[in-house]
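J.: What follows is each chain in one-letter form.
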Amino acid sequence: MEVSGVKIVLDHLTVGYPFWSLAAKGVFSPGIHLISGDVGSGKSTLALMMAGLRAPDNGTVIREGITRTMLSFQFPEFHVTGLSVADECASWNLDLDAVILSAGIDADEETPVLSLSRGELKRLHLTCVLFLDYDLLLLDEPFSSLDCPGKEQVCRQISERSGGITVIFTHEQSIFPRIDHIWEIAGGELVDCGDMPGAVVRWQHAPPLVKKLMRAGRIPHAVTPEGIREAACRTRG
Amino acid sequence: MISFENVRYRRLFIDTLTIAPGVTSIIGPNGSGKSTFLKICAGIAEPDCGTVLVDGRSPRETEIGYVNEFPDRNILFSTVKDELASPLRFRRTVCRETDRAVCTCGEMMGITRLLDRNMQDLSGGEKILVAIAAACISRPRVLILDECDSHLDADRCAWLDTILRASGAEYVIRCTQQMEAAANGDHLIFIEKGRVMHAGTPAAVFPLLAGTPFYPLSWRYPV
Numbered sequence: 116m117e118v119s120g121v122k123i124v125l126d127h128l129t130v131g132y133p134f135w136s137l138a139a140k141g142v143f144s145p146g147i148h149l150i151s152g153d154v155g156s157g158k159s160t161l162a163l164m165m166a167g168l169r170a171p172d173n174g175t176v177i178r179e180g181i182t183r184t185m186l187s188f189q190f191p192e193f194h195v196t197g198l199s200v201a202d203e204c205a206s207w208n209l210d211l212d213a214v215i216l217s218a219g220i221d222a223d224e225e226t227p228v229l230s231l232s233r234g235e236l237k238r239l240h241l242t243c244v245l246f247l248d249y250d251l252l253l254l255d256e257p258f259s260s261l262d263c264p265g266k267e268q269v270c271r272q273i274s275e276r277s278g279g280i281t282v283i284f285t286h287e288q289s290i291f292p293r294i295d296h297i298w299e300i301a302g303g304e305l306v307d308c309g310d311m312p313g314a315v316v317r318w319q320h321a322p323p324l325v326k327k328l329m330r331a332g333r334i335p336h337a338v339t340p341e342g343i344r345e346a347a348c349r350t351r352g
Numbered sequence: 591m592i593s594f595e596n597v598r599y600r601r602l603f604i605d606t607l608t609i610a611p612g613v614t615s616i617i618g619p620n621g622s623g624k625s626t627f628l629k630i631c632a633g634i635a636e637p638d639c640g641t642v643l644v645d646g647r648s649p650r651e652t653e654i655g656y657v658n659e660f661p662d663r664n665i666l667f668s669t670v671k672d673e674l675a676s677p678l679r680f681r682r683t684v685c686r687e688t689d690r691a692v693c694t695c696g697e698m699m700g701i702t703r704l705l706d707r708n709m710q711d712l713s714g715g716e717k718i719l720v721a722i723a724a725a726c727i728s729r730p731r732v733l734i735l736d737e738c739d740s741h742l743d744a745d746r747c748a749w750l751d752t753i754l755r756a757s758g759a760e761y762v763i764r765c766t767q768q769m770e771a772a773a774n775g776d777h778l779i780f781i782e783k784g785r786v787m788h789a790g791t792p793a794a795v796f797p798l799l800a801g802t803p804f805y806p807l808s809w810r811y812p813v
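These protein sequence lines map, in sequence, to chains A and P. For the first sequence, this note's numbering begins at 116 and goes up steadily by one. For the second sequence, this note's numbering begins at 591 and goes up steadily by one.
Check each hint, because a few of them may be wrong.
Between beta-carbon pairs, the in silico distance windows are [what the hints assert, rightly or not]: (1) P/Glu595 / A/Glu225: 46 to 52 Å; (2) P/Lys783 / A/Thr175: 34 to 40 Å; (3) P/Ser668 / A/Thr129: 50 to 56 Å; (4) A/Leu168 / P/Glu760: 29 to 35 Å; (5) P/Asn708 / A/Arg344: 50 to 56 Å; (6) P/Glu760 / A/Gly197: 42 to 48 Å; (7) A/Thr175 / P/Asp706: 41 to 47 Å; (8) A/Glu225 / P/Met787: 37 to 43 Å; (9) A/Thr175 / P/Glu636: 19 to 25 Å; (10) A/Leu209 / P/Asp638: 17 to 23 Å; (11) A/Lys326 / P/Glu595: 33 to 39 Å; (12) A/Leu168 / P/Trp749: 38 to 44 Å; (13) P/Glu687 / A/Asp212: 57 to 63 Å; (14) P/Asn596 / A/Lys326: 56 to 62 Å.
Where chain A lies over chain P, by a calculated footprint (3+ residues, C-beta under 8 Å) [as the list claims (entries may be wrong)]: (15) 612 to 622; (16) 655 to 661; (17) 722 to 734.
Everything labelled a hint here was simulated from the structure, so no lab data went into it. Source: prediction; values computed, not measured. For each residue, glycine too, the CB sits at the ideal point set by N, CA and C.
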């Protein structure tokens, strides 16, 4: 992958509707970024702007060295282009058997894509997305509808990404991949919580278990299952 | 009680199952038949054989509120206000009473600020909040929610638990992938490959899932 030097800069973005607004500035370097925020805070709109699919009202999104961008929408049904699972895999130019095996879904080449359960459809979609390399990978709510083993598998795949910028927009509360940098949307602004592990103490949207651990003086060094286990089992804060 | 006897439908095989009043969480792997189970409970699908009864009556003879796992599949009308009013208008409730109920329900559900907006302008989480409100507005006896919490933040998930308790529904049946939420319910059913593998209270069922990803994190690591 040719990803060294890639960067995305949010240069004083603003976007406003009669009912809400969002202001964002910051620099996204290679690594895995997490953006959390309440329902309706503008996470998906920010993802669209970072992908170049929606223009901000003011400000600019500067993409340096980024030639391959992927935005995975919150709703996997938005990505469906084929009638069957075989058609869908072909639309990604991927091997059907490899995708079905990796996704772990009960389907064959003739299975209609929209007959899959929502969780299976999400597995199929994310498997196709994560089979390929990008300079900028934007994942809008990648964990919604996945079962717990599915979340763990996707987290492993994301954690193993070795280059490029990955941005996860989510309000997942339990299972996370390796996270390098945390951001959150609060009060209509994108707030930079910083790099891990220091970011976790500034993270207002931290999951309940992480908050509980911090109240007990056990600040997790990572929010992965391993990081949570280490903090929970730590005998000294 | 909601009772299942010798139910066969697609991948579901349920010999005998009873669900007591309260909040019941349905958990299990993707594609195991959870949504199909909910559709049968709601009367949206009828089993090929066997019976499902809600206190002795067919689901289709019971007042039921249902929220689909695909947010856009819940939407019938263009504005939030019309969407929320629709269950009452379909039953020809007088306009003044409907308007009052929409305001009251909007306040209770914390979505008053959304009432004048278009459905298609809402975020995924907001669409689900409106769908839950529309399912609750006619105060159904049975409330069925298919993975609604996968679109909600932590505060909204906690709030949803409170709302479900306050909805007045005698039976709340929810499919979820949030094990912490499932641990807070009254009953828990684990479905795998179309079969009910475990059923009981969370305290009885979760220990049977220890060592699997379905065991709640907060139980795994008590702080």
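J.: All the hints need checking, so say for each whether the structure fits it.
T.: Going through the hints against the structure:
no., hint, verdict
1, P/Glu595 / A/Glu225: 46 to 52 Å, "34 Å, violated"
2, P/Lys783 / A/Thr175: 34 to 40 Å, "51 Å, violated"
3, P/Ser668 / A/Thr129: 50 to 56 Å, "28 Å, violated"
4, A/Leu168 / P/Glu760: 29 to 35 Å, "45 Å, violated"
5, P/Asn708 / A/Arg344: 50 to 56 Å, "45 Å, violated"
6, P/Glu760 / A/Gly197: 42 to 48 Å, "43 Å, holds"
7, A/Thr175 / P/Asp706: 41 to 47 Å, "32 Å, violated"
8, A/Glu225 / P/Met787: 37 to 43 Å, "29 Å, violated"
9, A/Thr175 / P/Glu636: 19 to 25 Å, "56 Å, violated"
10, A/Leu209 / P/Asp638: 17 to 23 Å, "36 Å, violated"
11, A/Lys326 / P/Glu595: 33 to 39 Å, "45 Å, violated"
12, A/Leu168 / P/Trp749: 38 to 44 Å, "31 Å, violated"
13, P/Glu687 / A/Asp212: 57 to 63 Å, "58 Å, holds"
14, P/Asn596 / A/Lys326: 56 to 62 Å, "47 Å, violated"
15, 612 to 622, "holds (count 4)"
16, 655 to 661, "holds (count 3)"
17, 722 to 734, "violated (count 0)"
Figure legend: structure checked against the earlier numbered hints; hints not met, in rising order: 1, 2, 3, 4, 5, 7, 8, 9, 10, 11, 12, 14, 17.
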